[in-house]
Amino acid sequence: IGIGSLLIDGIGDTVRVSMTGGVLQEVEAAKKILRAVGLRKDGADVVSCPTCGRTRVNLEEIVKKVR
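Residue 597 in the working numbering is what sits at position 43 of the sequence shown, and the numbering runs on without skipping anything.
These aren't lab readings, by the way, just hints derived from the structure by calculation.
Note that the structure is predicted; figures quoted are calculated from it, not measured.
Glycine included, each C-beta is placed from N, C-alpha and C at the ideal position.
Possibly wrong hints are sitting among the right ones.
Label-pair ranges, simulated between beta-carbon atoms [said to hold, decoys possible]:
no.: 1; residue 1: Arg589; residue 2: Ile565; range: 14 to 22 Å
no.: 2; residue 1: Val617; residue 2: Lys585; range: 19 to 27 Å
no.: 3; residue 1: Val591; residue 2: Val617; range: 18 to 26 Å
no.: 4; residue 1: Gly597; residue 2: Gly575; range: 20 to 28 Å
no.: 5; residue 1: Thr609; residue 2: Ser572; range: 39 to 47 Å
no.: 6; residue 1: Val617; residue 2: Lys586; range: 37 to 45 Å
no.: 7; residue 1: Glu614; residue 2: Glu580; range: 27 to 35 Å
no.: 8; residue 1: Thr609; residue 2: Gly566; range: 42 to 50 Å
no.: 9; residue 1: Arg610; residue 2: Gly566; range: 41 to 49 Å
no.: 10; residue 1: Val617; residue 2: Arg589; range: 30 to 38 Å
no.: 11; residue 1: Arg608; residue 2: Ile565; range: 39 to 47 Å
No more than 25 Å apart at the CA atoms, straight line, and that leaves these computed lysine-lysine pairs for BS3-like [what the hints assert, rightly or not]:
no.: 12; residue 1: Lys586; residue 2: Lys619
no.: 13; residue 1: Lys585; residue 2: Lys595
no.: 14; residue 1: Lys586; residue 2: Lys618
no.: 15; residue 1: Lys619; residue 2: Lys595
no.: 16; residue 1: Lys618; residue 2: Lys585
no.: 17; residue 1: Lys585; residue 2: Lys619
no.: 18; residue 1: Lys595; residue 2: Lys618
All chains, full assembly: derive it from the sequences and hints.
Encoded structure:
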């Protein structure tokens, strides 16, 4: 994605996405671009091994809820 490499290099500090859909879709698309290039971090990264015998919680259910 062309814009991603420019943002990583520090060129530009504003993102504007124009789409046929509504404004909320534009905002979500911009957030996804920033996440994809590592410039936006939000939410939770759940790293789990549900088959591990040491696990004392049902990670599969927790991951389903987080998604």
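Evaluated hints:
{"no.": "1", "hint": "Arg589 x Ile565: 14 to 22 Å", "verdict": "holds, 19 Å"}
{"no.": "2", "hint": "Val617 x Lys585: 19 to 27 Å", "verdict": "holds, 21 Å"}
{"no.": "3", "hint": "Val591 x Val617: 18 to 26 Å", "verdict": "holds, 24 Å"}
{"no.": "4", "hint": "Gly597 x Gly575: 20 to 28 Å", "verdict": "holds, 22 Å"}
{"no.": "5", "hint": "Thr609 x Ser572: 39 to 47 Å", "verdict": "holds, 45 Å"}
{"no.": "6", "hint": "Val617 x Lys586: 37 to 45 Å", "verdict": "violated, 20 Å"}
{"no.": "7", "hint": "Glu614 x Glu580: 27 to 35 Å", "verdict": "holds, 34 Å"}
{"no.": "8", "hint": "Thr609 x Gly566: 42 to 50 Å", "verdict": "holds, 43 Å"}
{"no.": "9", "hint": "Arg610 x Gly566: 41 to 49 Å", "verdict": "holds, 46 Å"}
{"no.": "10", "hint": "Val617 x Arg589: 30 to 38 Å", "verdict": "violated, 18 Å"}
{"no.": "11", "hint": "Arg608 x Ile565: 39 to 47 Å", "verdict": "holds, 46 Å"}
{"no.": "12", "hint": "Lys586 x Lys619", "verdict": "holds, 20 Å"}
{"no.": "13", "hint": "Lys585 x Lys595", "verdict": "holds, 9 Å"}
{"no.": "14", "hint": "Lys586 x Lys618", "verdict": "holds, 20 Å"}
{"no.": "15", "hint": "Lys619 x Lys595", "verdict": "holds, 19 Å"}
{"no.": "16", "hint": "Lys618 x Lys585", "verdict": "holds, 22 Å"}
{"no.": "17", "hint": "Lys585 x Lys619", "verdict": "holds, 21 Å"}
{"no.": "18", "hint": "Lys595 x Lys618", "verdict": "holds, 20 Å"}
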